[in-house]
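Novice: Spelled out, the chains give:
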Amino acid sequence: MRSSGLVEDARGLGAHDHLCWRYDEPAELSARVREFLGEGLAMGARVRYVGLAPVQTLAGELHELDGMGEALDRGAAEVSSLTGTYSTGTVVEPAAQVRIYAAATAAALAAGYTGMRVAAEATPLVRTPAQLDAFARYEHLVDRYMARHPFSAMCAYRTGELGDDVIEQLACLHPNTNHDAAGFRLHASAGGEYDASMNGDLDLSNADQFATALDRAELPLRGDELVVDARGLTFIDHRGLLRLREYARRRGVGLVLHVSRPGPARIAEVLGLTDVRVEHRPEHAA
Amino acid sequence: MTAARPDEFVHPALFYRSDAEYLDGLLPFVTEGLAAGQPVAVAVPGPRVRLLRSALGDAAERVHMVDMTVAGRNPGRIIAAVLRHFADPHAGRHVRIVGEPVWPGRSATEYPACAQHEALINAAFAGRDVTIVCPYDTVGLDADVLADARATHPVVWGADGLREASAEYAPDSVVARYNQPLNHHGDAEPHVVTDAAGLPAARRWVADRARALGLAPDRIADLELIATELAANSLVHASTPCELRIWPDGGDVVCEGRDTGRLTDPLAGRRPAEPTALSGRGLLMVNDLAELVRIHTSPRGTTVRAYLRRR
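Chains as they are written, first to last, in this note's numbering: chain A, 1 to 286; chain B, 1001 to 1311.
Derived from the structure by calculation, the hints contain no laboratory data. Each residue gets a CB set at the ideal place from its N, CA and C atoms; glycine is no exception. Treat the hints loosely; a few may be bogus.
Stated by the list, open to error - Here are some of the chain A residues that sit facing chain B, going by a computed Cβ distance under 8 Å:
{"id": "1", "residue": "Q131"}
{"id": "2", "residue": "L132"}
{"id": "3", "residue": "Y145"}
{"id": "4", "residue": "D201"}
{"id": "5", "residue": "D203"}
{"id": "6", "residue": "A268"}
Stated by the list, open to error - A short, non-exhaustive set of chain A residues, derived as facing chain B with CB atoms under 7 Å:
{"id": "7", "residue": "V91"}
{"id": "8", "residue": "S205"}
{"id": "9", "residue": "H238"}
Stated by the list, open to error - Simulated DEER-style distance windows between Cβ atoms:
{"id": "10", "chain 1": "A", "residue 1": "S260", "chain 2": "B", "residue 2": "R1310", "range": "39 to 45 Å"}
{"id": "11", "chain 1": "B", "residue 1": "P1104", "chain 2": "A", "residue 2": "L221", "range": "51 to 57 Å"}
{"id": "12", "chain 1": "A", "residue 1": "A42", "chain 2": "B", "residue 2": "R1311", "range": "51 to 57 Å"}
{"id": "13", "chain 1": "A", "residue 1": "G163", "chain 2": "B", "residue 2": "D1088", "range": "45 to 51 Å"}
{"id": "14", "chain 1": "A", "residue 1": "R222", "chain 2": "B", "residue 2": "D1088", "range": "34 to 40 Å"}
{"id": "15", "chain 1": "A", "residue 1": "R99", "chain 2": "B", "residue 2": "V1070", "range": "57 to 63 Å"}
{"id": "16", "chain 1": "B", "residue 1": "R1262", "chain 2": "A", "residue 2": "L52", "range": "53 to 59 Å"}
{"id": "17", "chain 1": "A", "residue 1": "S260", "chain 2": "B", "residue 2": "N1183", "range": "55 to 61 Å"}
Throw the hints in and build the complete structure from the sequences for me.
Specialist: In structure tokens:
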């Protein structure tokens, strides 16, 4: 299973989890990286730390963890410096980036690990609007990969260097985050059971962000219906529901929502949305 | 009586004193419509539905029957959810509707919304090939209500086939007269929503109070939608903050949104949803979800009150 929700640290996450971590100070990020990768190692995954500093410095950050030195020596843990990997202004190619991590996950499995876990600093990759758009698309694409494969990741974004609105646009595409200012999350569902999962509140306060997130997610279609797990959706106003319906219509499919609260069905009834099917399901254990 | 032109909306009030006069006035209207192959709907209080159904016999099956005390509980939703809901799919044909939104037992709080609704039907159906007959119980209703009916209906039908134009027809003045100030409710503290970012907190504030007031969980979900739409309306359409208040009123919970904008469209929230529009359905939602909606608007501001029944 994969979890969805707000977190206060990077502990207790599973083999399919995808965490957005918003941080102020590098020291604070280091602590979260050690939590995340330390537990990954304990779960038998190969772990990788992608950071801004030179590799020796990154390795030094990890060394505080018991057994990490040995893990680095035998290849169970890796460090990689962004500075050497990307030039300033690099715009990621979402599908290619996913293929890189899919290959790393396959290699880890072939080498006898239970999966792959990465903690990556992503701040330099979202500085320009073009970078942000491409990377946000990548975030959802890789989230879909994670939902089905033993690949888990923590994506770190630094405040101050990035505007809050930029981090919100990225955080809302992760199932887990320490930053809930966007108020909603749109992500891949556990095991790919649904075409997407939606959590949180949708209203006028995040209507534009929701529209942007939907466009970037390019949700996969497997049939003639877009089936969304909206059991974790605590509120949606009529704008949000109409936006989602319009998204499905534009792609030529019907919309099905599985919900745990009465609101969406009431909106569909009041507005006569006969092409939206709202089905009540008990609250899921998030 | 001269025959109405096909593009003319006909909106008579039928004054009746008894079941017999009720049937005398309405049975021919219904059966002639059926004989002409026209769509016919009857939206009247439950006992009147049963009276008409039994008098119509088998023909009742061809009439769309609605209990107005349920579907039209809130007068603000009748135009969209009852009248146009039935008439719109039959565009191009003459549609006949019996609509009885005013009955003895409507409270003093409800009545101004009833009178405004009756007046606004004229604007909502202007130029449409529809006849809506509104029965008024002259024994059970006050003289003031009957006087208002003469002002909201261009034509009055009476006993023995009486048909007369109403000299008192003045629907706009009824809309204005019942645009009554909704004074601050004494001890209800406001929760002010100044921007969209405040909507989630406003929703929680409203839900917490509604729960304490004993509103059922599914109605709290309705109230969250209502409060969100009221506040969003102020922010989007009036570009002003919204003061939300909530308080108990007898068997109801009242949720009020107050802003400093003016509502210039009297039919706002009464038109059915456009299939492709992405927003602008806020007041329509409120009208549909609440048992009663009262509105007062002036150059100094607008107040919308939604009433939800406690169970």
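Novice: Hints first: check each against the structure and report whether it holds.
Specialist: Going down the list of hints, with the structure as the test:
At a threshold of 8 Å, the smallest CB-CB gap from A/Q131 to chain B is about 26 Å, leaving the interface hint violated. Taking 8 Å as the C-beta cut-off, the interface hint given for A/L132 is violated, the closest approach to chain B being about 21 Å. The criterion of a C-beta within 8 Å of any C-beta in chain B is not met by A/Y145, whose closest approach is roughly 31 Å, and the hint is violated. Because the beta carbon of A/D201 sits about 5 Å from the nearest beta carbon in chain B, less than 8 Å, this interface hint is met.
With 8 Å as the threshold, the beta carbon of A/D203 comes within range of chain B, its nearest partner Cβ sitting at about 5 Å, so the hint holds. About 11 Å separates the beta-carbon of A/A268 from the nearest beta-carbon of chain B, more than 8 Å, and the hint is not met. A hinted interface residue such as A/V91 counts as satisfied when its beta carbon comes closer than 7 Å to some beta carbon of chain B; here the least separation is about 30 Å, so the hint is violated. Given the 7 Å rule on beta carbons, the hint for A/S205 holds: about 4 Å separates it from the nearest Cβ of chain B.
Given hint, A/H238 at the interface with chain B, holds; its Cβ is 5 Å from that chain's nearest Cβ, closer than 7 Å. For A/S260 and B/R1310, the Cβ-Cβ distance of about 24 Å falls outside the hinted range of 39 to 45 Å, so the restraint is violated. Separated by about 56 Å at the C-beta atoms, B/P1104 and A/L221 satisfy the suggested range of 51 to 57 Å. At roughly 52 Å, the beta-carbon separation of A/A42 and B/R1311 lies within the given 51 to 57 Å, and the hint holds.
As the Cβ distance of A/G163 to B/D1088 is approximately 47 Å, the hint placing it in 45 to 51 Å holds. The hinted range of 34 to 40 Å is satisfied by A/R222 and B/D1088, whose Cβ atoms lie roughly 36 Å apart. Between A/R99 and B/V1070 the C-beta distance comes to about 59 Å, which sits within the given range of 57 to 63 Å. The given range of 53 to 59 Å is respected by B/R1262 and A/L52, whose C-beta atoms sit roughly 55 Å from each other.
The supplied range of 55 to 61 Å is broken by A/S260 and B/N1183, whose beta-carbon atoms lie about 40 Å from each other.
Figure legend: structure checked against the earlier numbered hints; hints not met, in rising order: 1, 2, 3, 6, 7, 10 and 17.
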